[in-house]
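*Asks:* Each chain, written out:
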Amino acid sequence: MTIPELKPLLHVCDLKVSYGGIHALKGINFHIAPGELIALIGSNGAGKTTTLKAIAGLIPWSAGKIHYRDMSLQHVAAHQLIREGLALVPEGRGVFAQLTVEENLRMGAYSRSDKSTIANDLQDIYGLFPRLAERHMQLAGTLSGGEQQMMALARALMSRPKLLMLDEPSMGLAPQMIAKVFETIRNISTQGVSILLVEQNARLALEVAQRGYVMERGLITISDNAANLLDSDVVRRAYLGD
Amino acid sequence: MIRPWLGIVIIAIVLMILPFFTDALFGRGWVRIIDFAMLYIMLALGLNIVVGYAGLLDLGYIAFFAVGAYCYALLNSPQLGLHLPFWIVLPLGALLACIFGVLLGAPTLRLRGDYLAIVTLGFGEIIRIFLNNLNAPINITNGPQGISMIDPIHIGEISLNKTYEIFGLVFSPVHLHYYLFLGFTLLVIVISLRLQDSRIGRAWVALREDEIAAKAMGISAAKIKLLAFAMGATFGGLAGGLFAGFQGFVSPESFSLTESITVLCMVVLGGMGNIRGVLLGGMLLVALPEALRHGSGPAQQLLFGKTLVDPESLRMLLFGLTLIIVMLWKPAGLWPSNQRKSELTANTGTIARAQQDS
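Chains A and B supply the protein sequences, listed in that same order.
Using the numbering used here, read the first sequence as starting at 1 and increasing by one per residue.
Using the numbering used here, read the second sequence as starting at 1001 and increasing by one per residue.
Honestly, I wouldn't trust all of these hints.
Derived coverage of chain A by chain B (criterion: at least 3 residues anywhere in the stretch with Cβ under 8 Å from a Cβ of chain B; other residues may be distant) [unchecked claim]: (1) 8-22; (2) 78-88; (3) 123-134.
Once the Cα atoms are required to be at most 30 Å apart in a straight line, the calculated BS3-like pairs of lysine-lysine come out as [unchecked claim]: (4) B:Lys1306 x A:Lys115; (5) A:Lys16 x A:Lys26; (6) A:Lys115 x A:Lys65; (7) A:Lys162 x B:Lys1306; (8) A:Lys162 x A:Lys115; (9) A:Lys16 x A:Lys162; (10) A:Lys26 x A:Lys162; (11) A:Lys180 x A:Lys65; (12) A:Lys65 x B:Lys1223.
Keep in mind that the hints were calculated from the coordinates and are not lab data.
Keep in mind that this is a model prediction, so the values were computed, not measured.
The beta-carbon is built from N, C-alpha and C at its ideal position, and this holds for glycine as well.
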């Protein structure tokens, strides 16, 4: 194992997860330094979502360690993580369709109790996402897929995260919308939020990321700078469709 | 700002004179039916918190009604020789129901949908069977005979079981209970409304819509679900206490599965999650069977010259048929909360257009 230069924000060490008899994760190692944007790419069933779910406390893991800011996540419940600055945008966006856009955004600040700063943050978010400001009274279920993804991102930002975990943000979106979503992800990253981006769309993910990990059948097989991965023959052939 | 107040004043006046109006027009029996309707509305609003807000299908809800009713009956009858004041017994019954709500909720937190329904159904039956059998070796509930001679409700010097005459107006027991129940029903409505628009209310919706996302927002699923069970059960227990005091008699028969289903029907028929819908559902499902009971006999006489089908069995048949028709015609309930959706999208539409114009 290479020791990262910066003290990592998140450190995953020999993580194993099994569903019944199936070993979904067979011992993976990776880390994220503060401010980094990391892409976790790989084909369907490689274990990308399982990795996120394990970090987010949504599934138990059988062996290994997850350290977040010097704290073991072994016994931390899913709902406690957001208070520690760890936010998840789940696969399929997870919008609360029957709540309005604004109620959804306020839900993002559910774990916070600083009312006045929440109101300020909400205005900042509306500045960043004018489309959401226009539709703040609309039920979230009536938004388009792209708008919903934007709202899910905005909602996660309302918790003032240190580490943002995104599960397939491009899923089910039109190409134009995908470009907008990734533009937003890049913006969030430049504001100093660390991001763990799980994507099937490897090219897009590697274009915004600094480093990338390639997953295959429950293992991380390649780890390198994003630029190197984009140039690598193996990655190009397997995941970039060249 | 005059019109909303006018509306409230008119509704208040209607509610105040309703029992006298009903008494004069349809007879005292119907005032009694309205009293029962309010008990059912309280139950339906309680269940609405569990099913409508939190999305947890509870088929044994009547158990909490039973807990409240038996608590009141045991502490206010010759059964145990206790005669405690109304304002102590009623909250105690509600609290006990609340505890039972948590007891039921805790082991079912991981269950969803059909599985939760089966467990809650079982819980409802367990309570009923316990009440049925707790007469031996020590007689606590008096078994299937039930507890009778329950003290009528006393509020200060006023006994709700006596007839009073004020300024020539005759307040019979059903009238007095009407005003008491009205007060509690309004209280339950206000709490329901406040809950709906609260942080907890939104947490329930979030949890119902997407549990993973809700957890990611920092919502403790366990705590919030238990809160729904506890709140719903409290309302059930409250209604139960009032029922026992009103009826003067409780027996396990009153708390069968059919009752749970009836209350659930009120919630579903009216429109899950919408308070106005639930009120409508409650009123309809109490009034409809009664109207059919009273109306189907004479109607048959008129049509065929004799009573072909026993009104009692025809009542249930027509009742079932009505439910099916309504559900086919309006699957989301008579007054669904989705109405909000169309209102809101219509509004945003106009705003968007206005912005384009400017």
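*Asks:* Would you mind marking each hint as holding or not holding in the structure?
*Replies:* Each hint, compared with the structure:
no.: 1; hint: 8-22; verdict: violated (count 0)
no.: 2; hint: 78-88; verdict: holds (count 8)
no.: 3; hint: 123-134; verdict: violated (count 1)
no.: 4; hint: B:Lys1306 x A:Lys115; verdict: violated, 71 Å
no.: 5; hint: A:Lys16 x A:Lys26; verdict: holds, 5 Å
no.: 6; hint: A:Lys115 x A:Lys65; verdict: violated, 35 Å
no.: 7; hint: A:Lys162 x B:Lys1306; verdict: violated, 79 Å
no.: 8; hint: A:Lys162 x A:Lys115; verdict: holds, 20 Å
no.: 9; hint: A:Lys16 x A:Lys162; verdict: holds, 25 Å
no.: 10; hint: A:Lys26 x A:Lys162; verdict: holds, 27 Å
no.: 11; hint: A:Lys180 x A:Lys65; verdict: violated, 35 Å
no.: 12; hint: A:Lys65 x B:Lys1223; verdict: holds, 28 Å
Checked against the numbered hints above, the structure breaks hints 1, 3, 4, 6, 7, 11 and satisfies the rest.
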